[in-house]
Amino acid sequence: MDKRPTGVIHSNGAASLVDVIERILDKGIVIAGDIKLKIVDIELLTIQVRLLVCSVDKAREMGMNWWMTNAYVGTHSAVPPLAASDGGIAALGRRVQALEAALGQGKPPDSEGA
Amino acid sequence: MTAIYLYGFIDELPVCRRQALVECREFRMDQRFGIGLLPLAGSHALVCRVDEAEYRDPQSVSPAWLAARATRHAGLLCSLVTDCAVLPVRFGTVFSTEKQLRTAVDEPAIAAALSQLRGMTEWSVKLLVDDAAAIARLRECDPVLREKFMALSSTPGARYLQERQLESLVASVLSDHLRARSSLLRQSLQSLAVAVMHLPPAPDAAEHGPHIVGHFGVLLNRTCEPRIHAVLEALAHEWAADGAWIELGGPWPAYDFCPSLLKPDATDDRISL
Numbered sequence: 001m002d003k004r005p006t007g008v009i010h011s012n013g014a015a016s017l018v019d020v021i022e023r024i025l026d027k028g029i030v031i032a033g034d035i036k037l038k039i040v041d042i043e044l045l046t047i048q049v050r051l052l053v054c055s056v057d058k059a060r061e062m063g064m065n066w067w068m069t070n071a072y073v074g075t076h077s078a079v080p081p082l083a084a085s086d087g088g089i090a091a092l093g094r095r096v097q098a099l100e101a102a103l104g105q106g107k108p109p110d111s112e113g114a
Numbered sequence: 115m116t117a118i119y120l121y122g123f124i125d126e127l128p129v130c131r132r133q134a135l136v137e138c139r140e141f142r143m144d145q146r147f148g149i150g151l152l153p154l155a156g157s158h159a160l161v162c163r164v165d166e167a168e169y170r171d172p173q174s175v176s177p178a179w180l181a182a183r184a185t186r187h188a189g190l191l192c193s194l195v196t197d198c199a200v201l202p203v204r205f206g207t208v209f210s211t212e213k214q215l216r217t218a219v220d221e222p223a224i225a226a227a228l229s230q231l232r233g234m235t236e237w238s239v240k241l242l243v244d245d246a247a248a249i250a251r252l253r254e255c256d257p258v259l260r261e262k263f264m265a266l267s268s269t270p271g272a273r274y275l276q277e278r279q280l281e282s283l284v285a286s287v288l289s290d291h292l293r294a295r296s297s298l299l300r301q302s303l304q305s306l307a308v309a310v311m312h313l314p315p316a317p318d319a320a321e322h323g324p325h326i327v328g329h330f331g332v333l334l335n336r337t338c339e340p341r342i343h344a345v346l347e348a349l350a351h352e353w354a355a356d357g358a359w360i361e362l363g364g365p366w367p368a369y370d371f372c373p374s375l376l377k378p379d380a381t382d383d384r385i386s387l
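Chains as they are written, first to last, in the working numbering: chain Y, 1 to 114; chain G, 115 to 387.
Please note that the accuracy of each hint is not assured.
Facing chain G, according to a computed beta carbon distance under 10 Å, are these residues of chain Y, among others [stated by the list, open to error]: (1) A32; (2) I35; (3) G93; (4) E100.
What the hints contain is simulated information worked out from the structure, not anything from laboratory work. We put the beta carbon where it would ideally sit given N, CA and C, even for glycine.
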């Protein structure tokens, strides 16, 4: 069943923790209080909270996307994208078509020539 | 010992809401102490007493500690935006005494900023798309793509290569299409809003499925809210068949449209993420 929304979704009632964290910790006016919260710890905790909620996307946002291109890990990496204008790909396509045509006629695949 | 936690500033609050604020327990930073309004020149500081040691001692800070207090901080400010002008202060602003707070705060600047924000609220507008649905729609409606899909080879090897090439083409067409939609959304917002800001795409909740195409912070005059909601509703309905929808968050205090009020001698030792 298609559960996609079909109009405007109002997210205020169920504002996610990530949205709250983003606003409270990264935004708002800065006034220096005389009691210093351990800000470095807070920043690390902010990352931890975000990672808890959306680990993969946060890691990507921080530039850690090695699994996308790693042939041993990534699910999308085995087949690199093919550029439509790539002459080599077009030639490869013609070669495959010729081979398939030859196979269909019962000829050995390498008789067409490279 | 206790210290003073500062949530933000407001201009005027109706008397009935003041009483509710004092009695409210939901947004207290420390359950032992009520939320207070500290009168300043032309504004009020929203404060709550807290245990000073808790904020000085890094051992007390954990993700759960942080999440609980961040949501209280945000919740209080959000609960007030429909009643008065609200200027949010960044989380974790704590003073040892009221005198320290008054010294650090530029009261005329706060009053001026609140005056600018009076009658306005911030909203977040996200344009999301379900890639699979959007691609299916493109295949169906784009004549060039439809023709190419119809002309795919019947032999598996050639078809495989053609499909990979088409995938690349579809991704490119989809990207242009979504960019145009995002641009149209921004133009629609700009025509009615006081200000529009392009925000970085917030992290998507899921790795697969919908992703955010456009994310905007919008400062709205409250009188314009019904009109902009109607415009967004119309756009969302128009784009629904393409696998796109609009997510609206708000009303928030003007987090993205706050003036810089940091005094020259004050320092901020936060690290940018």
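Here's how the hints hold up against the structure:
For A32 of chain Y, the shortest C-beta to C-beta distance to chain G is roughly 4 Å, which falls under 10 Å, so the interface hint holds. Interface restraint check for I35 of chain Y: the shortest CB-CB distance to chain G comes to about 4 Å, inside 10 Å, so the restraint holds. At a threshold of 10 Å, the smallest CB-CB gap from G93 of chain Y to chain G is about 5 Å, leaving the interface hint in force. Interface hint status for E100 of chain Y: upheld, as the beta-carbon distance to the closest one in chain G is roughly 4 Å, under 10 Å.
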